[in-house]
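With the hints as constraints, model all of the structure from the sequences given.
So the sequence shown is numbered by UniProt numbering: it starts at 1 and just counts up by one.
Read the hints as simulated data drawn from the structure, not as lab findings. Even glycine gets a Cβ: it sits at the ideal position worked out from N, Cα and C. Treat the hints with care, as some may be off.
What the hints assert, rightly or not - Listed next, with one range per pair, are the computed distances between beta-carbon atoms:
#, residue 1, residue 2, range
1, Ser-80, Thr-218, 26 to 32 Å
2, Asn-172, Glu-438, 32 to 38 Å
3, Ala-533, Gly-93, 43 to 49 Å
4, Asp-107, Asp-556, 27 to 33 Å
5, Gly-283, Asp-556, 34 to 40 Å
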Amino acid sequence: MASPSEAPIAEGVDQSIPDHETNAVTTATSPSQEKASGDQQIAPVSEPVVSLSPCEEDDDDFPSNCLDDEEWSDQEPFESLREKVNQLCQDIGFGEPSEILEMGGGDFHRIVGLRFSSRTPQRYILRIPRWAYSEDLQHETSDQVAILSFFSRKFKDVPVPSVYAYDSTTNNAIESQYVLQERLPGKPLYNVFYELPIEEKLQITTLIAELISKFDATDLPNPGRIVGDRSLPQTLHTPPPTNTDINITGYRESPVADLRFVEKCDLTHLLTQLSQQREKEDGGCEWSKKMWTRFNEIAQQMKHASLTRKLDTNSVLWVWDISPSNMLISRRTPREDKLPSDATTQHHSTTVTFGNSDNDCHKHAFQVTVDGPEGMVCDYTTQVVFEEFGGKTYSHKLRISDSKQLDAPILEPQDSLVTDPELLGSTFKHADSLPRWEMSGVIDLDDAKSAPRVLTRKPPSWLWIHPDTRHSTWMGDHDDKPERPFTHDELLIKAHFDQTMAQLCPSYLEDAYHRGYWLRRLSRFAVLGLESAECINRFWTLSEEWDQYYQALELDDVDVKMTDAMDEGSGENSEENLSK
1 MASPSEAPIA EGVDQSIPDH ETNAVTTATS PSQEKASGDQ QIAPVSEPVV SLSPCEEDDD
61 DFPSNCLDDE EWSDQEPFES LREKVNQLCQ DIGFGEPSEI LEMGGGDFHR IVGLRFSSRT
121 PQRYILRIPR WAYSEDLQHE TSDQVAILSF FSRKFKDVPV PSVYAYDSTT NNAIESQYVL
181 QERLPGKPLY NVFYELPIEE KLQITTLIAE LISKFDATDL PNPGRIVGDR SLPQTLHTPP
241 PTNTDINITG YRESPVADLR FVEKCDLTHL LTQLSQQREK EDGGCEWSKK MWTRFNEIAQ
301 QMKHASLTRK LDTNSVLWVW DISPSNMLIS RRTPREDKLP SDATTQHHST TVTFGNSDND
361 CHKHAFQVTV DGPEGMVCDY TTQVVFEEFG GKTYSHKLRI SDSKQLDAPI LEPQDSLVTD
421 PELLGSTFKH ADSLPRWEMS GVIDLDDAKS APRVLTRKPP SWLWIHPDTR HSTWMGDHDD
481 KPERPFTHDE LLIKAHFDQT MAQLCPSYLE DAYHRGYWLR RLSRFAVLGL ESAECINRFW
541 TLSEEWDQYY QALELDDVDV KMTDAMDEGS GENSEENLSK
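See below:
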């Protein structure tokens with residue numbers, strides 16, 4: 001009988017390179033750089049931030065997959081909306097805008113770009129819900145404002161838009177709720193990332209990992225949806241106070257309503273309570289009873305298979321919609337006149353990957369940076385020792401020459417696992433020629449949540465797999481295994497992300513690719529609800545795959561009746577919790 005710790009890897013988890021062994025990127029630096037932070041910032045010079053597009057073409061500021069307002073037949077034509085927006089700006093004291101731009105939007109909001117030549121800043125965004133909220137949802141808009149205030153206050157180095165005015169009512173010129181906010185610089189990551197060279201992709205991957213780790217480290221008291229403390233006025237034509245606090249309410253029952261609040265409890269108990277509420281929401285029909293009964297059975301089996309942990313009672317900030325469409329980046333352009341007058345060194349950087357052509361072998365990727373006297377011939381030899389989690393070590397010796405190409409490197413393995421090594425790919429660029437990227441904006445934070453940490457650790461596979469290359473039947477779940485083998489560059493990006501996250505959040509890889517894979521697939525139905533009829537088919541697909549996996553564990557039989565969900569550490573009366 002296999003013990004839970006020896007359980008086979010889930011079929012849905014990518015196994016081309018075992019995450020706990022070989023997806024690793026290390027950084028080697030010259031002694032002069034050892035005090036620097038461990039990222040890809042290899043040209044420590046003062047550089048001004050500039051826009052990717054000097055002419056600031058507004059049409060390029062939103063992702064190519066952004067929804068055009070023409071796709072919404074029931075939306076007010078922009079021609080008439082433009083006149084109302086113009087009047088609104090004057091009514092709230094901003095004056096007549098010099099520019100009003102249609103900028104598309106998403107499923108729930110349409111976006112209007114504004115420019116005021118007489119104000120500072122000049123550029124703004126007007127977010128308007130596609131369908132005005134009803135009176136019983138009067139706090140929806142002020143909640144969005146409070147969430148932005150929370151992020152701005154909590155994360156000083158995460159750029160989120162400032163709010164300049166809002167209205168939670170429809171008593172205004174556009175006859176709808178709205179938020180007028182800062183238009184952040186930069187371009188959507190979606191429009192830029194996939195066309196960049198690998199060196200720059202790795203640099204941006206570091207930024208994404210650092211952002212995710214910040215959210216991951218933000219503890220919250222209970223699971224649920226983040227809302228404002230309801231202290232803001234319904235309407236405000238000036239920037240709101242920055243000390244607005246947040247509360248946590250139940251997860252969404254539908255796009256606009258909430259489930260009942262659930263107290264802090266173990267993960268199995270949380271899922272059981274949510275499933276009870278979802279079943280009640282469905283009206284107690286036969287298919288719903290069958291589905292949620294099976295849901296609770298799987299939840300108990302996952303607990304029996306030791307997929308849950310005691311620390312899963314703790315919740316953290318969950319920005320569940322981290323995507324390339326919701327992040328803006330700006331490029332730093334090195335300028336010679338900004339270099340220190342006493343600069344006497346050149347920076348040389350290379351990325352190199354070692355391994356066999358077989359995808360299942362050990363692959364080691366290194367970002368190497370060295371300094372040398374300016375004007376001298378670039379010819380360095382450096383040795384890098386890589387140690388895996390299991391304690392095995394490998395020694396790589398590299399030579400970086402002035403030819404701007406790596407000489408055939410000498411690989412000196414210290415373990416018999418590495419045999420017949422070959423160079424899989426390498427590049428060489430002087431650091432001075434590499435653009436430097438920074439995160440210039442994080443947007444669309446409206447529906448931030450709090451959840452047990454393991455449920456939030458879905459790896460951003462869009463970093464290494466372009467969403468447009470997914471199969472036509474793909475439903476947008478980044479936990480889904482890709483339909484094709486990874487390319488070399490995709491493997492390198494994934495390895496770099498995984499290794500960076502392992503350094504920032506030591507338990508991340510297990511939660512992301514192993515136990516968390518199953519827990520997230522199950523919990524999404526309870527936390528997010530049945531978003532479409534297709535969700536029911538997805539649930540039963542999960543049920544079949546989990547049954548095969550669970551049977552392979554050969555564990556002792558376990559009673560999975562729903563009453564068992566209230567045991568061991570829940571310590572709270574179920575009915576009492578459900579009534580809160």
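To see whether the hints hold, each was checked on the structure:
As the Cβ distance of Ser-80 to Thr-218 is approximately 43 Å, the hint placing it in 26 to 32 Å is violated. Between Asn-172 and Glu-438 the beta carbons are some 36 Å apart, a value that agrees with the proposed interval 32 to 38 Å. With their beta carbons about 47 Å apart, Ala-533 and Gly-93 fall inside the hinted range of 43 to 49 Å. Under the hint 27 to 33 Å, the C-beta atoms of Asp-107 and Asp-556, about 46 Å apart, miss the expected range.
Distance hint check: the CB atoms of Gly-283 and Asp-556 are about 37 Å apart, consistent with the given range 34 to 40 Å.
In this structure, the earlier hints numbered 1 and 4 are contradicted, and the remaining ones agree with it.
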